[in-house]
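Chemist: Sequence:
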Amino acid sequence: MKKFISLLIAAVMTVGVFTGCSSQSSETTEAEETVSAEEEVVDDVTINAIMLKGPTGIGAVELMEKSANGEAAGNYSFEISSASDEVTAKILNGEADIAAVPTNLAAVLYNKTEGGVSVIALNTLGVLYVLENGESINSISDLQGKTIYSSGQGAIPEYAFNYILEQNNVTDTNIVYVTEHAEAAAALADGSADVAVLPEPNVTAVMMQNEYIRIALDLTEEWSKVSDTDLAMGCVIVRNEFLKEHPAAVANFLAEYSESIEYVNSNISEAASLVEKYEIMASAAAAEKAIPNCNIVYIDGAEMKDILEGLYEVLYAAEPKSVGGTLPSAEFYYEAE
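Here our numbering is used: the first residue of the sequence shown is 9, the next is one more, and so on.
Careful: at least some of the hints might be erroneous.
Stated by the list, open to error - Distance windows between CB atoms, simulated:
(1) 147 to 199: 19 to 25 Å
(2) 102 to 198: 29 to 35 Å
(3) 216 to 52: 33 to 39 Å
(4) 223 to 338: 36 to 42 Å
(5) 123 to 199: 47 to 53 Å
(6) 252 to 276: 33 to 39 Å
(7) 155 to 93: 28 to 34 Å
Said to hold, decoys possible - Cross-link-like lysine-lysine pairs, in silico, DSS-like; alpha carbons within 25 Å at most:
(8) 297 to 313
(9) 329 to 252
(10) 154 to 98
(11) 61 to 98
(12) 233 to 252
(13) 252 to 61
(14) 329 to 297
(15) 233 to 61
(16) 98 to 233
(17) 120 to 61
(18) 313 to 329
(19) 252 to 120
(20) 74 to 98
(21) 74 to 329
(22) 313 to 233
(23) 61 to 297
(24) 313 to 74
(25) 120 to 313
(26) 120 to 285
(27) 98 to 297
Keep in mind that the hints were calculated from the coordinates and are not lab data. Ideal Cβ placement from N, Cα and C applies to all residues, glycine included.
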């Protein structure tokens, strides 16, 4: 009888050992399948990303280079555009999954698509400067009575500059709006205008053409004096349909994009060469001078939300259409889980 009991215990223990191995093997297989599924999302899904020429596109150049060389963790198809209208169309028709756009356009698209996009990161803070051919402007109050050439009517350059002027009680400026940044830059360079509001990289371009033109005022600094939020001018959005289907791919993009921005800010000369290579700016020499003034950043999550909410409140108060008619809801601001 004792022998039988001993054999029975041994048999039970043997079954337990094999059951344990089977359970462990099953758990391992499930874990491997989960990892495999995540890798499939990152590796096999191609993200169609569109970047605007100028500061909002600069931060992506290192990731673009890695992607072209097959060194990126994710699969990307990058496109460079010079027109916000083209970016808007490609987001609306689903040709682009991710896009770098002006911050007010992000809000407009959110309203236009009835919540179909989310903002996932800020990539550019203020890039606006008051340039002067002369030495008379050293503060906002010195703009009193001046004729100022500017572009960006109906967008952040107009609303931000007007807000700064109003908060400083400067009420009698004559602002001449032109269609293109290059047109305002040309007027300043050839002497048709003495004062202009321009964004980078046009600031650098015009100063390289005319040695007597100087940066009189940094409007990002002037904004900070009269506002509780940062002047955020560029961001990255994603179509929510794509985000819902491929959250791991979007998370991976953000990780690689953040690294790319860090590279650009730490390796300006090398980044400038890539900026020319990918035709975000025409000249590496100009890009190298412009990048330090472009305020290229990576800000996401709660900090991004706080900055944008403050900015949108100012824009909405100035002109509701500038943000699409209504302020974006909380769902607009993406936060990684």
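Chemist: Are the Cα atoms of residue 329 and residue 252 separated by 25 Å or less?
Modeler: violated, 28 Å
Chemist: Return holds or violated for the Cβ distance of residue 147 and residue 199 against the range 19 to 25 Å.
Modeler: holds, 24 Å
Chemist: Residue 329 and residue 297: Cα distance at most 25 Å?
Modeler: violated, 35 Å
Chemist: Taking 28 to 34 Å as the stated bounds, is the beta-carbon spacing between residue 155 and residue 93 within them?
Modeler: Holds - the Cβ-Cβ distance for residue 155 and residue 93, about 29 Å, lies within 28 to 34 Å.
Chemist: Within 25 Å, alpha carbon to alpha carbon, are residue 313 and residue 74?
Modeler: violated, 29 Å
Chemist: Under the criterion that the straight-line Cα-Cα distance not exceed 25 Å, is the pair residue 61, residue 297 satisfied?
Modeler: holds, 16 Å
Chemist: With a cut-off of 25 Å on the C-alpha distance, tell me whether residue 61 and residue 98 pass.
Modeler: With a Cα-Cα distance of about 16 Å, the restraint between residue 61 and residue 98 holds, given a limit of 25 Å.
Chemist: Run the distance test for residue 74 versus residue 98: straight-line Cα separation, threshold 25 Å.
Modeler: Holds. Residue 74 to residue 98 sits at ~24 Å (cutoff 25 Å).
Chemist: Starting from the hint 29 to 35 Å, judge whether the C-beta atoms of residue 102 and residue 198 obey it.
Modeler: violated, 44 Å
Chemist: With respect to the beta-carbon atoms only, verify the hint that residue 252 and residue 276 lie 33 to 39 Å apart.
Modeler: Taking Cβ atoms as reference, residue 252 and residue 276 lie about 37 Å apart, which means the hint holds.
Chemist: Given the proposed pairing of residue 120 with residue 61, does the C-alpha separation stay at or below 25 Å?
Modeler: holds, 23 Å
Chemist: Given the hint that residue 233 pairs with residue 61, does the C-alpha gap stay at or below 25 Å?
Modeler: Judged against 25 Å, a Cα distance of about 29 Å means the pair is violated.
In terms of the numbered hints stated before, the structure departs from hints 2, 3, 8, 9, 10, 12, 13, 14, 15, 16, 21, 24, 26 and 27, listed from lowest to highest.
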